[in-house]
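J.: Letter by letter, the chains look like this.
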Amino acid sequence: MTKTEWLDALRLELETAGLERDDVADAVAFWSEAIDDRVEDGISDEEAVLSLGDAAEAARSVVEELPVASRMVARASGDNPAARLVTIALLVLGFPLWGSLVLAAGAVLLALFIAIFALAVSAWVVDGSFLLAGIAGVVVLIQGFATGLPWSGLFQFGCGIAMAGVGLLLAPFMAGVTQWAAGIMVMLARKVSSLFVRRPAPPSQEPGKRVQFQCPRPILWVGVTLVVVGAVSALVALSTCGFNPESLPQLPPICLF
Amino acid sequence: MDSQIKRGLLEACVLAMLSQGESYGYRIVQDAPAALELSESTLYPILRRLLKQGLISESPREQAGRIRKYYAITDLGAERLRAFAADSAQIKQTLSFIDERSDI
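Protein chains in written order, with our numbering: chain A, 37 to 293; chain B, 200 to 303.
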């Protein structure tokens, strides 16, 4: 077998396997170079080709690298154009079956995505409402003084500020939950895309990159301070009414509109 | 050799060879340790994979009237090679663990 014959055989194998034109050219150039280098080493064309082995085996090593989905088509079609037609026909005829299965799988996946996303969103909604309670507390304190009910205002301010402190302390935990949710979504997306695109395995996770529920020091201090200030304010206000919150006069409702 | 193990070793091996300077297909096959039984059919997919991951780069150059592709290790590839070298003590320990228990 000459060099040209061997390379033609390789090209045919790769083309019938459904490889892209550029990929076929790249592979053929690689093996052509390998033969030339052997000949340059002082052996004949035939010997060089012989030492490379079967062209079909060389082609297989290239096709094995294709992603699962393309490989299945390549495998199923084989080297026979008729078989390829049958495969395509079967794929079209079988669409009602595999199409609905794929659709169902896609819907399940979408639902999973939405559920995980909702988890992250609700974590922040909860945290946000805690923080909002702090702002409301300040508003109510001003209102309390303006309407001549300072102790009622101070009590509600204390409760609000303490809640804001709790919200602040919870924020790093919520960030951890979000990070975790994002990690799962990325992993899912990667799993799905790996069926169609062959990608290198992601590098193993560094220990430092793992999800951590660490609370930065400033947030910790501000959060704790808010809780303490809130608790003290509320207790001071309560002490004026014998620790019976029901006996505190009610503030008039604030009308925003 | 088991193909899964061989695959990982070969990738590291090719990176190690290229870390000594750029090289081309035939020479990589010649330079590889005999125990790995490296052939062009095994090498080609490895090169494609390393290229895709950006661990090596290729540059076609004219050589004696024909084109020859030279492969060189990238910074990312050097980093991967260092990581592999760092893991080698672990790998050796695992291998001897298997060795001690496999002489049935």
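The set of hints was computed from the structure by calculation and includes no laboratory data.
Predicted, not measured: the structure shown is a model, and the values here were computed from it.
Even glycine gets a Cβ: it sits at the ideal position worked out from N, Cα and C.
A couple of the hints might just be wrong.
With a straight-line cut-off of 30 Å between C-alpha atoms, the simulated DSSO-like cross-links for lysine-lysine are [said to hold, decoys possible]:
| id | chain 1 | residue 1 | chain 2 | residue 2 |
| --- | --- | --- | --- | --- |
| 1 | A | 39 | B | 268 |
| 2 | B | 205 | B | 291 |
| 3 | A | 39 | B | 291 |
| 4 | B | 268 | B | 291 |
| 5 | A | 39 | B | 251 |
| 6 | B | 291 | B | 251 |
| 7 | B | 268 | A | 227 |
Footprint (simulated), chain A over chain B, 3 or more residues, beta carbon under 8 Å [claimed, not checked]:
| id | segment |
| --- | --- |
| 8 | 208-217 |
| 9 | 222-235 |
| 10 | 286-294 |
J.: If a hint holds in the structure, say so; if it does not, say that too.
T.: To see whether the hints hold, each was checked on the structure:
1. For the proposed pair residue 39(A) and residue 268(B), the alpha carbon gap of about 19 Å is at most 30 Å, so the pair holds.
2. Only pairs whose Cα atoms come within 30 Å are accepted, and residue 205(B) paired with residue 291(B) is accepted, the gap being roughly 15 Å.
3. Under the criterion of a C-alpha separation no larger than 30 Å, the hint pairing residue 39(A) with residue 291(B) is inconsistent with the structure, at around 43 Å.
4. Taking the CA atoms of residue 268(B) and residue 291(B), the gap is near 34 Å; set against the 30 Å cutoff, the hint is violated.
5. At most 30 Å may separate the alpha-carbon atoms for a hinted pair to count; residue 39(A) and residue 251(B) meet this at roughly 28 Å.
6. A C-alpha spacing of about 29 Å is found between residue 291(B) and residue 251(B), which places the hinted pair at or below 30 Å, so the restraint holds.
7. This hinted pair does not check out: residue 268(B) and residue 227(A) have alpha carbons roughly 34 Å apart, beyond 30 Å.
8. For the segment 208-217 of chain B, the stated coverage by chain A is not satisfied: 0 residues place a CB nearer than 8 Å to a CB of that chain, which falls below the threshold of 3.
9. Coverage of the segment 222-235 of chain B by chain A holds [criterion: at least 3 residues with CB-CB distance below 8 Å; count 5].
10. Counting residues of the segment 286-294 of chain B whose CB falls under 8 Å from any CB of chain A gives 0; the rule of at least 3 is not met.
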